[in-house]
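Residue numbers (the working numbering): 8 to 356.
Since the hints were derived computationally from the structure, they do not count as laboratory data.
One thing to keep in mind: the hints can contain errors.
Stated by the list, open to error - Distance ranges between label pairs, derived from CB positions:
no., residue 1, residue 2, range
1, Arg59, Arg121, 16 to 22 angstroms
2, Pro247, Ser306, 23 to 29 angstroms
3, Pro247, Glu327, 31 to 37 angstroms
4, Pro261, Glu229, 17 to 23 angstroms
5, Ile104, Gly331, 23 to 29 angstroms
6, Gly331, Ile79, 43 to 49 angstroms
7, Trp114, Asp298, 41 to 47 angstroms
8, Asp48, Gly342, 23 to 29 angstroms
9, Ser306, Ile79, 15 to 21 angstroms
10, Gly93, Ala210, 22 to 28 angstroms
11, Phe152, Asp298, 30 to 36 angstroms
As the structure is a computational prediction, the values presented were derived from the model and not from experiment.
The beta-carbon is built from N, C-alpha and C at its ideal position, and this holds for glycine as well.
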Amino acid sequence: MRFSYASLPDHPAREIVDTIVLADELGFHGAYMADETYHKDGWLIASVAATRTSRIRLSPCVTHVILKEPTILAHTVATLDELSEGRAECVFSVGNIAMLEQYHVDWKTGGQIRRIREAHQVMRTMLDEGKIDFEGEFYRYTGLFTSARPVQERVPLKIGAMRGPRSFELAGEISDGMHQALAYSREAMQFATDHVRLGAERAGRDAAALDLGAWMVTSIAEDAAAAKEAARVVVAFYIPAMPREQIERHGIDPESLQPIMDAFSVGDVERAIELTTIELTEKLSLSGSPDEWVERIGSDVVPTGFDHLICAPIDPYLVEAWSGLKVANVPDQQGQLRLIHERVMPAFT
């Protein structure tokens, strides 16, 4: 089991870089940054972090192939690969649906799986060859080239997914891995890995060679109740982003969450957080004491075949930035990474 640090990059930018440096020193596999307009620029943060680290993998997760054009992404990740001396990745998808709507992008007309497939082909060609002529359904190029060349022989391109099953199967068919967001139950995770394997088998590929990463809202503290309280605030914000099918795979009736969504729809953040119970938080996050983490990972993650846990630590800074609320007895992000390193990672090495 590999462990990575996922940043919701709202902290001061230099502090985020310092945290990535610590993650590198502690032996975390990767540092991934949410690539959304709501946050600070993950590509710039990764580029600075590349010059101060030596081992950790670097990539925004996930990045968007609608708002960010695939050839531009390819030359960006190639440049990051040069700066990091061969440690860049690209985890991509169509992006945050709610944010696409804010940009007035029409994503409901279908074809998103075809778009992801085509974007992968474009990025793979640009990264491998440095030039492209292409006539596709979504992207077209004539004589395009770049001097941005990666250090790695093959920069990993991984698909970010949530609902499935088609996105999971596509990842197994064409990509170097799949990072699933917001899956915490054994059922939800098993559904994803089963379909990744199905796609890989259909394409004659070895699913065991793929990186299967679980991106989770997390919080860890010696005070388990405090950790869950910190996670509860951010879980509330993510509930509207979860597809109905995925909610059901956590044993939750989607209709029971409608009051939370209604509260957000009228801007009543305080009410939405109030309605997000600790019971919901326990189902929709990885939060609690180190011992609780070890038990949960062993029972719900490892048996499904996920081999990579991508932890997005919710600390007092994020809780206050997102909600104005304060929580006590919860370490900052660097403190949480140290706890994971000292108390959780040894159980899975």
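Hints, verified against the model:
| no. | hint | verdict |
| --- | --- | --- |
| 1 | Arg59 x Arg121: 16 to 22 angstroms | violated, 39 angstroms |
| 2 | Pro247 x Ser306: 23 to 29 angstroms | holds, 28 angstroms |
| 3 | Pro247 x Glu327: 31 to 37 angstroms | violated, 21 angstroms |
| 4 | Pro261 x Glu229: 17 to 23 angstroms | violated, 34 angstroms |
| 5 | Ile104 x Gly331: 23 to 29 angstroms | holds, 26 angstroms |
| 6 | Gly331 x Ile79: 43 to 49 angstroms | violated, 36 angstroms |
| 7 | Trp114 x Asp298: 41 to 47 angstroms | holds, 42 angstroms |
| 8 | Asp48 x Gly342: 23 to 29 angstroms | holds, 25 angstroms |
| 9 | Ser306 x Ile79: 15 to 21 angstroms | violated, 42 angstroms |
| 10 | Gly93 x Ala210: 22 to 28 angstroms | holds, 26 angstroms |
| 11 | Phe152 x Asp298: 30 to 36 angstroms | violated, 54 angstroms |
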